[in-house]
Amino acid sequence: MITIDANGMHYRDLNRLIREGIGRGVKKFFLENVNGQYYIGDGIKGDDITININGIPGNDLGVFMDGPTIAVNGNAQDNVGNTMNAGKILIKGDAGDVVGYGMRGGRIYILGNAGYRVGIHMKGYNEQLPVIIIGGKVGSFFAEYMAGGVIVLLGLNDTDDAAGDYFAAGMHGGVIYLRKKIDFSKYSKEVELYEADDNDMAFLKKYLLEYADDFNISFEDIAGKPFYKIVPSSARPYAHLYTSA
Amino acid sequence: MLKLKNKFSVERDISGCGLCGIINAKKVKTTGEDIKKAISVEHDRGNGLGGGFAVYGNYQDYAELYAFHIMYDNLSAKGNVEEYLKNNFIIEKEEPIPTSKTSKIKDHPYLHRYFMKPKSDRQDKLFHDLGDDDFVVQSVMSINEKYDGAYVFSSGKNMGAFKGVGYPEDIADFYKLDEVEGYMWTAHNRFPTNTPGWWGGAHPFTLLDWSIVHNGEISSYGINKRYLEMYKYNLSLKTDTEVITYIFDLLVRKHGLPIELATTVLAAPFYQNIDKMDNKKKELLTTLRQIYGSALLNGPFAIVFGYSGGMVAMNDRIKLRPLVAATMGDFTYVASEEAAIRAICPSPDLVWSPKAGEPVIVKFEELVAQKGGLIGL
Amino acid sequence: MIKSSFSNIQSEYLALIDHTKCVRCKRCIQNCGWGTYSFGGDKILSDHTKCVACGRCYTYCPEGAISIVKNPTVIRENGNWKENHIKSIWKQSETGGIVISGMGTTFKYKKYFDHILLDACQVTNPSIDPLREPMELKTYLGKKPSKIELDFNEEGEPILKTKMPPQIELQTPFVFGAMSYGSISLNAQKAMALAARALGIVMNTGEGGLHDDLVPFGKNIIVQVASGRFGVHRDYLNSGIAVEIKIGQGAKPGIGGHLPGEKIGLDISRTRMIPIGTDAISPAPHHDIYSIEDLRQLIFAIKEATNYEKPVSVKVAAVHNIAAIVSGIVRAGADIVYIDGYTGGTGAAPNIIKDHVGIPIELALAQVDERLREEGIRNEASLIAAGSIRSSADAVKAIALGADAVAIGTAALIVMGCHVCGKCNTGNCSWGITTQRPELVRRLDPEVYGERLYNLISAWSHEIQEVLGAMGVNSIESLRGSRERLRGVELTDAELKVLGIKHAGL
Chain Y
1 MITIDANGMH
11 YRDLNRLIRE
21 GIGRGVKKFF
31 LENVNGQYYI
41 GDGIKGDDIT
51 ININGIPGND
61 LGVFMDGPTI
71 AVNGNAQDNV
81 GNTMNAGKIL
91 IKGDAGDVVG
101 YGMRGGRIYI
111 LGNAGYRVGI
121 HMKGYNEQLP
131 VIIIGGKVGS
141 FFAEYMAGGV
151 IVLLGLNDTD
161 DAAGDYFAAG
171 MHGGVIYLRK
181 KIDFSKYSKE
191 VELYEADDND
201 MAFLKKYLLE
211 YADDFNISFE
221 DIAGKPFYKI
231 VPSSARPYAH
241 LYTSA
Chain U
246 MLKLKNKFSV
256 ERDISGCGLC
266 GIINAKKVKT
276 TGEDIKKAIS
286 VEHDRGNGLG
296 GGFAVYGNYQ
306 DYAELYAFHI
316 MYDNLSAKGN
326 VEEYLKNNFI
336 IEKEEPIPTS
346 KTSKIKDHPY
356 LHRYFMKPKS
366 DRQDKLFHDL
376 GDDDFVVQSV
386 MSINEKYDGA
396 YVFSSGKNMG
406 AFKGVGYPED
416 IADFYKLDEV
426 EGYMWTAHNR
436 FPTNTPGWWG
446 GAHPFTLLDW
456 SIVHNGEISS
466 YGINKRYLEM
476 YKYNLSLKTD
486 TEVITYIFDL
496 LVRKHGLPIE
506 LATTVLAAPF
516 YQNIDKMDNK
526 KKELLTTLRQ
536 IYGSALLNGP
546 FAIVFGYSGG
556 MVAMNDRIKL
566 RPLVAATMGD
576 FTYVASEEAA
586 IRAICPSPDL
596 VWSPKAGEPV
606 IVKFEELVAQ
616 KGGLIGL
Chain D
623 MIKSSFSNIQ
633 SEYLALIDHT
643 KCVRCKRCIQ
653 NCGWGTYSFG
663 GDKILSDHTK
673 CVACGRCYTY
683 CPEGAISIVK
693 NPTVIRENGN
703 WKENHIKSIW
713 KQSETGGIVI
723 SGMGTTFKYK
733 KYFDHILLDA
743 CQVTNPSIDP
753 LREPMELKTY
763 LGKKPSKIEL
773 DFNEEGEPIL
783 KTKMPPQIEL
793 QTPFVFGAMS
803 YGSISLNAQK
813 AMALAARALG
823 IVMNTGEGGL
833 HDDLVPFGKN
843 IIVQVASGRF
853 GVHRDYLNSG
863 IAVEIKIGQG
873 AKPGIGGHLP
883 GEKIGLDISR
893 TRMIPIGTDA
903 ISPAPHHDIY
913 SIEDLRQLIF
923 AIKEATNYEK
933 PVSVKVAAVH
943 NIAAIVSGIV
953 RAGADIVYID
963 GYTGGTGAAP
973 NIIKDHVGIP
983 IELALAQVDE
993 RLREEGIRNE
1003 ASLIAAGSIR
1013 SSADAVKAIA
1023 LGADAVAIGT
1033 AALIVMGCHV
1043 CGKCNTGNCS
1053 WGITTQRPEL
1063 VRRLDPEVYG
1073 ERLYNLISAW
1083 SHEIQEVLGA
1093 MGVNSIESLR
1103 GSRERLRGVE
1113 LTDAELKVLG
1123 IKHAGL
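Sequence lines, in order, name chains Y, U and D.
Take 1 as the starting number for the first sequence in my numbering and just add one per residue.
Take 246 as the starting number for the second sequence in my numbering and just add one per residue.
Take 623 as the starting number for the third sequence in my numbering and just add one per residue.
Next comes chain Y alone, as it looks inside the complex (with noise of 0.2 Å):
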């Protein structure tokens, strides 16, 4: 275990000392006075290895990660987990733009909102099955050209909408749940609104306890209400759309 005082530091120099310490088998790090460091945990591998962060991480948080658990205590920036491979990121206050970019495996759990674009073109692939879990409310372009994965919407501060607009636009694979409903006229085309049955609530059991685990919150009030499933209708959505010279 080590902890890191990065006040002032550039993130070249502590994104070198996290991967030395990996190299030196240091499992547990804690960085305290992060604010705005990009890339931290670029790029890092093993499933053991946990990173909790003080302060506002900067940008790419956790870009091709491939194993190890980010613990934020407070708000992320932009392009959390992006094109992450494998392991978790907890975020205990907001999360900026683009979450999740081309995301592959993984879990990111976020207890506030999020910004625009969350979840874009996520992926799964064989058994890796990536996950988002926003607490909160999103921005517009929600799951853009998603493409496998789950990611739960759980609109948790009942004030008002808990997504933008062009809701799954594009999206072709993966499914969406909804803790509830959200204006119809945001949902793009391309996908289908079902109600979540008993097989969709079992499978998302696990994902929510560890969440209410991880945050300190009570699942049952998270899990209390029927969720809503949005699935892609084709995972061709565009193949009429050319023709071959």
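To be clear, the hints were calculated from the coordinates, so they are not data collected in a lab.
Treat the hints with care, as some may be off.
Partner residues are not named here, just some residues of chain D that face chain Y (Cβ under 7 Å, in silico) [said to hold, decoys possible]:
1) 723
2) 776
3) 780
4) 1047
5) 1050
Once the Cα atoms are required to be at most 25 Å apart in a straight line, the calculated SDA-like pairs of lysine to any residue come out as [stated by the list, open to error]:
6) D:785 <-> U:519
7) U:564 <-> D:978
8) D:785 <-> U:564
9) D:704 <-> Y:12
10) D:760 <-> U:374
11) D:709 <-> Y:12
12) D:785 <-> U:522
13) D:765 <-> Y:12
14) D:783 <-> U:564
15) U:521 <-> D:709
16) U:499 <-> D:704
Keep in mind the model is a prediction, meaning the values are calculated, not measured.
Virtual Cβ for every residue (Gly too), placed ideally from N, Cα, C.
Please arrange chains U and D on chain Y, whose structure you already have, making use of the hints.
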């Protein structure tokens, strides 16, 4: 009108040639008689369209001042340039360059010299923090580019270039070089191949203390020029010689390369030879080629390059131009033809032909002890 | 809506069989990926509508009994309403679709390479015999410091202090352009990998990930990261010699792409790391790059993931403001910039984009090189020029205009039998190149075509050496950016100015 500058519609001016150099490592001086005698043996390597000399140690009394040699083809140009000089330099002394009327050199520009140093409160200090050398370089380029009818052909300290249109032996007489003394001399006999002769285009080409005489045509001129332009060199003369001078200036003065390494940029060893070297040397030379590939001088050349610390003579990496070297006591001689050396030193201690790309480097002895032997460049 | 049953579009070619020569061996039926031929009981029948003139059938007909001719039935000629306009209207009115095709544009725009002539030595400087004297083509791609840093030991000998950024060493200034597994077959990629290794150059995975079979070729592979992030993970980034971020492609600047689900079989699914049968959509932009500082962010995300050991290349299409764009890319930290001209190829792109968007590589390259020099940052990144390099002469001219190396894509496919029929998008390539149909892919032998690619690049390299020798230089770096060795013919003042070269005779 006399031709001071290259106004011909050619991308550059190229020439065949003969060259010579004499250096005394202990700084024992000789007059211009010897070098004149040597270069005149190579008479047939030129065609009377350019001859010239560089001499070091000739301005001992003004050794700390920049000695500008300027050619003018009219007096209003002189007035304009002098206004610029007065605004920016403290001129300690100025006078016509001594010449003698000879039957061989009839048309010549007005030739004047100035011994001066840049003013510490010159106007450009408001905008830049150029060192004196850089300011002199900038002034030379600015005068040569912007002032019609004026051309600075020498700007170093305790050295001078003397050149013009004519055979070198006639140019020597014209400048009365038999009365000039120096511890290093270079000379050039020119055979221009694509322009008529012009005064500014004669060799040596000089900048600060650098002087170059050069035989051959640089086939890589196009990229060498564009490379130097990236470092804000203004190649107004459009000659190979100018390119070589600026490459030395960039490598040695600005980038701090020892002279020996600079020569390995100009005539880089082939990769197949680099690959045979020990790892450290291999890495160094590979890195040099990677960084300075655009400064490689490709094509035939032999050069004699003078600077305040000594003299370098070298030819290209596949030896397309001749070069002979000889030593006699503290004297080293280089020339295109052995006969030129034998004319003034009939029985040298040692005579040899340097290998392709292998420089002959002679440094003045009192400087050798310092870092790399190269401080003072 | 009533579906009309007929099409206005007539077959473009006629597949004619000389039945007096035909021995009914049916090789044509096997060889044609398009289903043009069938056996009618006693003779071979041709369905002309299916023929694309890919040349496979007559190449493999043992009797020379097949000729493919342009359909002599004319669409009435009209200087304004050209055949392609009329056909597109018919096609789109019948399908309602965007017309797409493979390869580059078929339009006859001016080819600037064909209006540039090279210099040679006569008398004043000597030409060099390239066969018997050394002639260096070795090229390093990557960021170069502007100056060397040295220390000196006690003897005054220089010790190298410069830590050279990572470089790609090429034995000859060619690379294979990016072509993904999916857009082309694995065998086609393998042929390039074998050739690249033998030649000491590199191939490029394209955006479709790295197949397991290619992993051993890592030192000769650039791995690509495109907007779809297919197959991109940390080990992938570290498995090649360099990483390329694909922003754009000459054939289709500004738009994404998608590999139709029917091409995503088991093997491609594994390589791209996506499920079988789903469309592989590449978004138009990278969704983590909406601005130049975001490009910097991705470049350094990759550098962090690869411990700063791999050069990062950025591939862009040549568009109107390319000089400023590339300047920004270089300042964003790219080590290599790959510029793809508008005649570059593609596996599939809308014709409207392919035929009308972008600018010629010659003009783009000339302006980019000049701009980087003006800004004093030409050393900060290497330039790769691409977009239909058709010969070693094109390569020489590109290098003299300022490229460090050139990329070849279409030419490499032509080596493998491609006749540039432009039907790559259909997946029926009879030559086994742009298809995933196992019976077609099998016929492309990587060893055979790897050797032919080796032959082509070797021959082109020798030709470059001939040109260097004629120009009197013995190293490619003395040609690079040396526009003084180029002259233009039949070019306007504006064109000469953009190219930075003089008219012939001057």
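Hints and how they fare:
For residue 723 of chain D, the interface hint holds, the least distance from its beta-carbon to any beta-carbon of chain Y being 4 Å, beneath 7 Å. About 33 Å separates the beta-carbon of residue 776 of chain D from the nearest beta-carbon of chain Y, more than 7 Å, and the hint is not met. For the restraint placing residue 780 of chain D at the interface with chain Y, the shortest Cβ-Cβ distance is roughly 29 Å, beyond the 7 Å limit, so the hint is violated. At its closest, the beta carbon of residue 1047 of chain D sits 6 Å from a beta carbon of chain Y; the interface hint therefore holds under the 7 Å criterion.
For residue 1050 of chain D, the suggested interface contact is broken, since its CB lies about 10 Å from the closest CB of chain Y, more than 7 Å. A distance of roughly 19 Å separates the Cα atoms of residue 785 of chain D and residue 519 of chain U; the hinted pair therefore holds under the 25 Å criterion. A threshold of 25 Å between alpha carbons decides the hint, and for residue 564 of chain U with residue 978 of chain D the separation of about 52 Å lies outside it, so the pair is violated. Taking the CA atoms of residue 785 of chain D and residue 564 of chain U, the gap is about 33 Å. The hint is violated against a cut of 25 Å.
Distance hint between residue 704 of chain D and residue 12 of chain Y is unfulfilled; the C-alpha atoms sit about 58 Å from each other, more than 25 Å. Of the supplied pair hints, the one linking residue 760 of chain D and residue 374 of chain U is violated, its CA atoms being roughly 40 Å apart against a limit of 25 Å. For the suggested pair residue 709 of chain D and residue 12 of chain Y, the alpha carbons sit about 57 Å apart, so the restraint of at most 25 Å is broken. In summary, the hint linking residue 785 of chain D to residue 522 of chain U is supported, as the alpha carbons are separated by about 19 Å, within the 25 Å threshold.
For the proposed pair residue 765 of chain D and residue 12 of chain Y, the alpha carbon gap of about 19 Å is at most 25 Å, so the pair holds. Taking the CA atoms of residue 783 of chain D and residue 564 of chain U, the gap is about 31 Å. The hint is violated against a cut of 25 Å. A C-alpha spacing of about 63 Å is found between residue 521 of chain U and residue 709 of chain D, which places the hinted pair above 25 Å, so the restraint is violated. Distance hint between residue 499 of chain U and residue 704 of chain D is unfulfilled; the C-alpha atoms sit about 61 Å from each other, more than 25 Å.
Hint violations for this structure: numbers 2, 3, 5, 7, 8, 9, 10, 11, 14, 15 and 16, all remaining hints satisfied.
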